[in-house]
Amino acid sequence: MQFLLRLSRGIDALNQRVGYLCDYLILIVCFISAGNALMRYTFSYSSNAFLEIQWYLFGAVVLLGASYTLKRNEHVRVDVLYANLSERGRLIVDAVGLLCFMLPVMIFLIYLSLPVFLQSYASGEKSVNTGGLILWPAKLLLPLGFFLLSLQGFSEFIKRCAALMGLIELETKYEKPLQ
Amino acid sequence: MFSHGIMPPLMFAGMICFMVIGFPVAFSLGAVGLFFGLVGILTGHFDALFLQALPLRIYGIISNDLLLAIPFFTFMGALLERCGLAEDLLEGTGQLFGPIPGGLAVAVILVGAVLGAITGTVAASVIAMGVISLPVMMRYGYDMKLTTGVIAASGTITQLIPPSLVLVVLADQLGKSVGDMYLGAIGPSILQVTIFLAYVAVLAILRPNSMPPIPPEARQPFGWPLLRRVLWGMIPSIVLIFLVLGTIFFGLATPTEAGALGAVGAIGLAALHRRLTWNLVRQAMSSTMTLTSMVVFILIGSTVFSLVFQGMDGGRWIEHMLSGLPGGQVGFLIFVNIFIFFLAFFLDFFEIAFIVIPLLAPVAAKLGIDLIWFGVLLCVNMQTSFMHPPFGFALFYLRGIAPPQVKSSDIYWGAVPWVVMQLILVIIVIAWPGSVTYWLDHGPKVDPNSIKIEIPLGGGDAPPPLKF
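As they're listed, the protein sequences go chains D and H.
Mapping the first sequence onto our numbering, position 101 (from 1) lands on 101, and the numbers just tick up by one.
Mapping the second sequence onto our numbering, position 111 (from 1) lands on 290, and the numbers just tick up by one.
A hint or two may mislead.
Said to hold, decoys possible - A few chain H positions that, by computed beta-carbon distances, are all more than 12 Å from chain D:
1) 475
2) 520
3) 529
4) 617
5) 618
As the list claims (entries may be wrong) - Chain H regions said to be covered by chain D (calculated; three or more residues, Cβ under 8 Å):
6) 264 to 271
7) 597 to 608
Rather than coming from a laboratory, the hints here were simulated on the basis of the structure.
Virtual Cβ for every residue (Gly too), placed ideally from N, Cα, C.
Next up, chain H with everything else stripped away, as it sits in the complex (with noise of 0.2 Å):
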């Protein structure tokens, strides 16, 4: 444990105990890194010297094309929660599927599925499916448990199915493509969209009295004018998001003009189902400021503190414990999602991503993991997070909207499964790598990284110089 000296484990111990205090995470991590930087110097384990790059590396944030892209992204997502489009869905959705028992929960599984690619917050997606479908469901007859369940897990489905902002940090954390790490999300989107609707399947063979049909009285005739409401909800959606990702997987684009072509395009979307206002674009400038600067700032904070550490010698420290697990790939696999799986009761993605993943990518890269397999692996693991009772984000709004019969333990308890099936779908993926890298090894044979932007008379798109 000591083999590299007694300040990493230090460092790492007090980081967690700064953080934990509650002050900003941002401004915690800088300050564990000056204290421990100034500690260092004063015991002679570390050198003042590489204090100096702290302005270059955090020009060099601020300078990096792919970061850009989570303003585009956040602001596309913010935009398209607030002009209504989970309700044309969830409504026309629901009288789509309504009449067969479990078809009001299979609607919510499916638009979770789309809302979580347009939208790309978690919070969007259950607190719009709870405000629309708690109330149907409950009237209905569904079972509490099972109603709070899958609105919960369905809204977080968001994080995994590209274009996710998640990934993107991740691309970058990982030195991987987006594109890469979007191809190598399709597959588990897909197992776990299916894992839920098998688990309603069954559920509605076993037990049709938890999830009863909706009364033939309050369905509408199936017919033209309710297949149009549908497929006017979903289909300029699904076109907007394909035009993303599609421009990003046929090397069109970078993932970062695709956020800003998204960005214009959910303006043009609000505008077709005529709910752009000011107020709306207003407000999503407001969020998506605030947000960007809120995750940029983790990351600054997280740079002062990995060059402390580094400079401690503390990545290799790291190495050092975790290549020495039984089981090579997967003990260390085992034990990272563990580790993972238990930091997320307390951590967010994001300190989870700045923090935590830049210590463990070496580790994997060393062993011989597939960093884009690892990274969507971690993904689906950290869906968890916004699961596990008491903390867990999803529950939280849920609970936040939720009417006041609905119970908390109702909450709680009916989380349960749906936890379990991400774990299920964490362990397919470890045990099933084909799961991400398909798509990878048969997809479009374009790298995105390879586009290359024309400058006019050479110069290259070499990043800006980073002399100082």
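Chain D extracted, bound-state conformation (with noise of 0.2 Å):
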């Protein structure tokens, strides 16, 4: 178990840094942005490249940051029942979900989009536009976020187990994010 605790600690590490660089990719396609649409209308010009890294960053964004999302337990819950439960009800809640909801759908994912990103790669696929960028990156972004995910899910999984077991302490209440 410490093993294992040693494990989750080291997903943790990792998916944090995934989370902060994509904190810095959401300053950064804003100023693309941006500087596309003005670039456009002062001086005319405009290019494909710069308008698909835009997407670009909002799919690592999204799929690499849902990991350090899932880690801050900021992923949406309806919280009628949830939020009435004892500590323990919480941590099985969740550990069960992990282990028969969020795992098996995330593995499923992998197994359907790495042929995809695989098959891109292998055939150096270019955007159609002019000046576009290679497509497999994008691609990437779909099994690499979903396999961050996975192991986030592992490392879940792990702290409310050793929670259930009394190894640790595990905050488990859940705010609604904000909107």
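Both chains are sitting in their own frames, so use the hints and assemble them into the complex.
Below, the structure is given as structure tokens:
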């Protein structure tokens, strides 16, 4: 169990780094997109590469940032029952949900999206737009994001089990994300 | 009920069971989709080939230009809500209107509308107004129920008033242009503010003791310094909003680009108010990242669900059930609004938008309902979900920051008249579609979809190829 907890801490640290990276991508994509709009109107200049990089970065924020979002417990829940469960009840719901809901879905999505990426990578597929980017990095985001989420799901599962066994303390209080 | 087989109703019921457990919605939706997909494959109701389309669909979500507006508008709001604009606005406007009975409530409503436009989050508006105005209104003897009610209700105007994120998401789900959606929401936003103001005015006449003017010794002399303070708080933010909305309405930029310009403009605005710090930007980046990922993952989960649901003819089942309602258009709208009103007790806006709206939209279109009208109507309706006790978000946030002498029962009962007013607005919008379409018909005749992004050497702005 101690080994698993160390593994879980390692995964948390990895996804935290990825999450920080995604934070910066937000700022970068704002400036790129605003820059694109300004360039088009002031200099009538537009580049497909810069138009495409916007949604590459958006995809990266969504898919790679999801694992850090999971770590921070910010994926929205329906908390009508959940909020009234005991600490132990919430740990059990999470552990069962991670094992029976999330991990199978993620593994299935990796299974579906990995061949798509490999095919694109092997063929060196490029965007059909003039000056567009190569496509495999965007397609890599799917399996990579789902893989990181699976890792984080596994880490969260370990933590829930350890907390149920009384080995660690875990904050399960859930607050809905602000909106 | 079972004319399209037993699977779609079972799946719908299954979705509710899976979600109510309390595990994050994005993953529960994916799980319910795959679980029923598997059952469907085993019983011969569903073809496994459908699932092969999933990577393509998810790829389509991340390369969707409109959804890219989510981080931009969120970032803009996250910056502005933390840079002290709310404080400036509320204090100044409160002083301006304070000397008349009910003036503080009027200030809260007006500031709520401005804050709603610039920050876009209900939580931010309610918390800011609760922290600043609640103590002031309590000190000057405002009725407690009225105080909490007006603060919570003014916070929810955020949902409807353009440029609202909610309307971007609705436009995406309904397949309409964001510019039209924003134009459509202008009428109901004005109506809502008017109804709220009228209510305060009537109460000020009938029960002046419940909302006394601020006493002379607490007033600042009316004059240039006060006006300047209010204008300094209001004008730069209003200019930013008009720049964002104007570029969309006049077809100068796509909503996504306007959002990006707004985000960069927000950095400038924060700098203008001398409140731009790296810490502020860092926090805004972080909350934008998690919110974006969370929202789009609900969409990914609901894509898994709806692919299987549609594969089992669930869409036809819903359509069959709903198009048979008595009363045609109006019957459908009344049913849908009651349905969403109750659904909103349990589900958030994003869950409703991604799960329920795609099921309802084709039926609405088939009945000849204008989808802009439909979207704005549902948006007005979903505002109430922030307000109804005991789960309403706005009340929850207000409870979180209210001092202990404010009783929870005051917050709950205080919300009731405002929920009633929002429901009246729903009825007005149903009965008078012109409140939405007036601006559409008479607004500038530029379709934001018609903006072409000029590409050197041809190629067009076709979406990226979805070859796999």
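Hint-by-hint comparison with the structure:
Not every Cβ of chain D is farther than 12 Å from the Cβ of residue 475 (chain H); the closest lies at roughly 4 Å, contradicting the non-interface assignment. At roughly 16 Å from the closest C-beta of chain D, the C-beta of residue 520 (chain H) stays outside 12 Å, upholding its exclusion from the interface. With a least CB separation of 7 Å from chain D, residue 529 (chain H) falls inside the 12 Å interface cut-off, contrary to its annotation. At roughly 29 Å from the closest C-beta of chain D, the C-beta of residue 617 (chain H) stays outside 12 Å, upholding its exclusion from the interface.
Against chain D, the non-interface label of residue 618 (chain H) holds: every CB pair exceeds 12 Å, the least being about 24 Å. Closer than 8 Å: that is the beta-carbon criterion, and the segment 264 to 271 of chain H has 0 residues meeting it against chain D, so the requirement of 3 is violated. Residues of the segment 597 to 608 of chain H lying with their CB closer than 8 Å to a CB of chain D number 0, which falls below the three-residue condition for coverage.
Hint violations for this structure: numbers 1, 3, 6 and 7, all remaining hints satisfied.
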